[in-house]
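Novice: Protein chains in written order, with this note's numbering: chain A, 45 to 330; chain B, 28 to 186.
Just so you know, these hints were derived from the structure itself, not from any lab.
Some hints could be false.
Taking CB as the label site, the calculated pair distances span [said to hold, decoys possible]:
| no. | chain 1 | residue 1 | chain 2 | residue 2 | range |
| --- | --- | --- | --- | --- | --- |
| 1 | B | Gly123 | A | Lys69 | 28 to 38 angstroms |
| 2 | A | Arg188 | B | Asp81 | 29 to 39 angstroms |
| 3 | B | Glu99 | A | Thr55 | 23 to 33 angstroms |
| 4 | B | Gln111 | A | Lys205 | 55 to 65 angstroms |
| 5 | B | Asp185 | A | Gly68 | 29 to 39 angstroms |
| 6 | B | Arg163 | A | Thr301 | 22 to 32 angstroms |
| 7 | A | Gly67 | B | Met28 | 53 to 63 angstroms |
Computed cross-link-like contacts, EDC-like style, restricted to lysine to aspartate or glutamate with a CA-CA straight-line distance of at most 16 angstroms [claimed, not checked]:
| no. | chain 1 | residue 1 | chain 2 | residue 2 |
| --- | --- | --- | --- | --- |
| 8 | A | Lys205 | B | Glu72 |
| 9 | A | Lys98 | B | Glu72 |
| 10 | A | Lys69 | A | Glu91 |
| 11 | A | Lys85 | B | Glu72 |
Idealized CB from N, CA, C, for every residue including glycine.
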Amino acid sequence: MKPFEYFEPTTVREATELLSTYGGKAGILAGGIDLIPRMRKGEIEAEYVVNLQKIPNLEQIAAHEDSGITFGAMARLRSIELSKTIQKKYPILFEAVHQITSVQTKHMGTVVGNVCVGTPASDVATSLFALGARLKISGVKGERTEPIEKFYVDYRLTSLKRGEMVTEVALPDPPAGTGTAFLNLLRTHADIAKISVAAAIVMQYGICREARIAIGAAAPTVFRAVKAEALLTGQKITAEVINKASETASGETRPITDLRSTAEYRREMAKVLVRRVLEKALERAR
Amino acid sequence: MKKEIVNFKINGRPYEVIVSPNMTLYDLLRDLHLTGTKRSCGVGECGSCTVLVDGNPTLACSTLAIAVRDKEILTIEGLSRGAQLHLLQQAFVDGGAIQCGFCTPGMIMMAKALLDENPNPTREEVKEGLGGNLCRCTGYVKIIDAVMVSAEKMRKGDK
Numbered sequence: 045m046k047p048f049e050y051f052e053p054t055t056v057r058e059a060t061e062l063l064s065t066y067g068g069k070a071g072i073l074a075g076g077i078d079l080i081p082r083m084r085k086g087e088i089e090a091e092y093v094v095n096l097q098k099i100p101n102l103e104q105i106a107a108h109e110d111s112g113i114t115f116g117a118m119a120r121l122r123s124i125e126l127s128k129t130i131q132k133k134y135p136i137l138f139e140a141v142h143q144i145t146s147v148q149t150k151h152m153g154t155v156v157g158n159v160c161v162g163t164p165a166s167d168v169a170t171s172l173f174a175l176g177a178r179l180k181i182s183g184v185k186g187e188r189t190e191p192i193e194k195f196y197v198d199y200r201l202t203s204l205k206r207g208e209m210v211t212e213v214a215l216p217d218p219p220a221g222t223g224t225a226f227l228n229l230l231r232t233h234a235d236i237a238k239i240s241v242a243a244a245i246v247m248q249y250g251i252c253r254e255a256r257i258a259i260g261a262a263a264p265t266v267f268r269a270v271k272a273e274a275l276l277t278g279q280k281i282t283a284e285v286i287n288k289a290s291e292t293a294s295g296e297t298r299p300i301t302d303l304r305s306t307a308e309y310r311r312e313m314a315k316v317l318v319r320r321v322l323e324k325a326l327e328r329a330r
Numbered sequence: 028m029k030k031e032i033v034n035f036k037i038n039g040r041p042y043e044v045i046v047s048p049n050m051t052l053y054d055l056l057r058d059l060h061l062t063g064t065k066r067s068c069g070v071g072e073c074g075s076c077t078v079l080v081d082g083n084p085t086l087a088c089s090t091l092a093i094a095v096r097d098k099e100i101l102t103i104e105g106l107s108r109g110a111q112l113h114l115l116q117q118a119f120v121d122g123g124a125i126q127c128g129f130c131t132p133g134m135i136m137m138a139k140a141l142l143d144e145n146p147n148p149t150r151e152e153v154k155e156g157l158g159g160n161l162c163r164c165t166g167y168v169k170i171i172d173a174v175m176v177s178a179e180k181m182r183k184g185d186k
């Protein structure tokens with residue numbers, strides 16, 4: 045790796061001041077499993093590395109009575125995977141993390157780090173879209189919160205301004221009648237997904253009150269298939285409604301052809317996965 | 028770039044080393060002639076460089092040495108007691124779970140972390156636990172057998 049200046053701030057304030065000073069030349073070290081390999085490959089040139097590991101209280105996963113759950117910037121993927129609360133209340137987040145094959149990656153890597161890489165192929169980000177995640181972002185000028193669907197501006201480009209870092213992810217309490225599901229397609233179990241879909245629906249008296257359908261690896265960013273969602277809201281969810289929604293969702297994708305899959309396959313599989321995910325979510329909502 | 032004199036605790040021994048921030052834990056271990064830890068892919072995808080840091084399975088190639096000062100680092104060398112192999116190492120040897128041997132140290136360190144957390148794993152849990160460790164030679168079956176055998180011996184109190 046090229047030489048760099050190394051910092052171990054002990055507060056978020058200190059970290060944001062460093063990030064503000066050094067801007068785009070600074071890399072944030074959380075778990076390091078994205079940053080270090082890419083620095084070794086020369087893909088990232090960070091002249092300054094800001095290590096978050098010595099800032100206390102960033103690893104917490106905190107369940108709040110009836111108001112959801114929050115976890116900090118250093119909450120490891122492995123902690124999320126082992127959390128009984130998350131397994132029970134946010135199963136699609138558990139599923140997205142659990143299917144990451146490398147245990148070492150899960151011990152070292154963080155959820156926030158995964159989200160901040162900004163790749164549309166993040167299964168974790170896809171499930172967080174469906175769960176209505178909100179991100180707390182700290183900068184030198186103060187804090188702001190943002191729903192995750194506003195966080196991605198373009199491929200690998202987040203809304204973070206100079207000096208800002210994500211300090212927390214908040215998930216709302218799932219309302220009664222919620223059903224969620226997550227599915228993806230991969231070449232091998234350890235590979236990055238060709239396409240992933242996560243959905244959350246809220247059913248009340250047989251009518252869909254709310255729907256979120258998130259699709260990953262089929263556009264420059266993870267996105268919500270809002271036209272498909274609109275076909276579900278206020279409706280009884282019949283097989284016909286599901287089929288219509290899956291077709292519409294497929295039309296909302298902007299996939300590319302790359303080494304993992306073709307645009308045509310991704311577009312077609314969006315339809316199949318959205319259908320299966322909606323069926324599963326509906327079943328779980330009962 | 029500032030070099031620093033840093034204290035490390037590796038396999039129960041203290042080391043005082045001059046470290047540059049851009050040294051990985053893997054670089055550090057090799058410099059100290061602890062050559063048991065191997066680097067295969069070097070980009071955090073194969074698990075060959077797995078060591079334990081405060082008991083947690085960690086990829087040495089993707090860890091900055093300077094970030095793990097004052098932590099308990101355990102490498103493959105720390106498992107054996109002189110010429111006496113650790114139960115896991117012996118099980119790999121006895122079970123024919125080693126061919127070229129390059130994945131073996133990382134595989135054993137990961138297996139140790141797995142068994143420390145879950146002393147009674149199912150075969151499926153062992154497969155899941157070793158998901159981050161690639162082997163090009165053995166086809167994994169004997170590796171999984173060796174871990175299952177070790178788990179049973181450990182539960183019986185064998186050393």
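Novice: All hints are to be evaluated individually against the structure, with a verdict given for each.
Specialist: Verification of the hints:
no., hint, in the structure
1, Gly123/B / Lys69/A: 28 to 38 angstroms, "violated, 51 angstroms"
2, Arg188/A / Asp81/B: 29 to 39 angstroms, "holds, 34 angstroms"
3, Glu99/B / Thr55/A: 23 to 33 angstroms, "holds, 26 angstroms"
4, Gln111/B / Lys205/A: 55 to 65 angstroms, "holds, 57 angstroms"
5, Asp185/B / Gly68/A: 29 to 39 angstroms, "violated, 56 angstroms"
6, Arg163/B / Thr301/A: 22 to 32 angstroms, "holds, 29 angstroms"
7, Gly67/A / Met28/B: 53 to 63 angstroms, "violated, 19 angstroms"
8, Lys205/A / Glu72/B, "violated, 31 angstroms"
9, Lys98/A / Glu72/B, "violated, 26 angstroms"
10, Lys69/A / Glu91/A, "holds, 5 angstroms"
11, Lys85/A / Glu72/B, "holds, 13 angstroms"
Hints 1, 5, 7, 8 and 9 from the list above are not met by this structure, while the remaining hints are.
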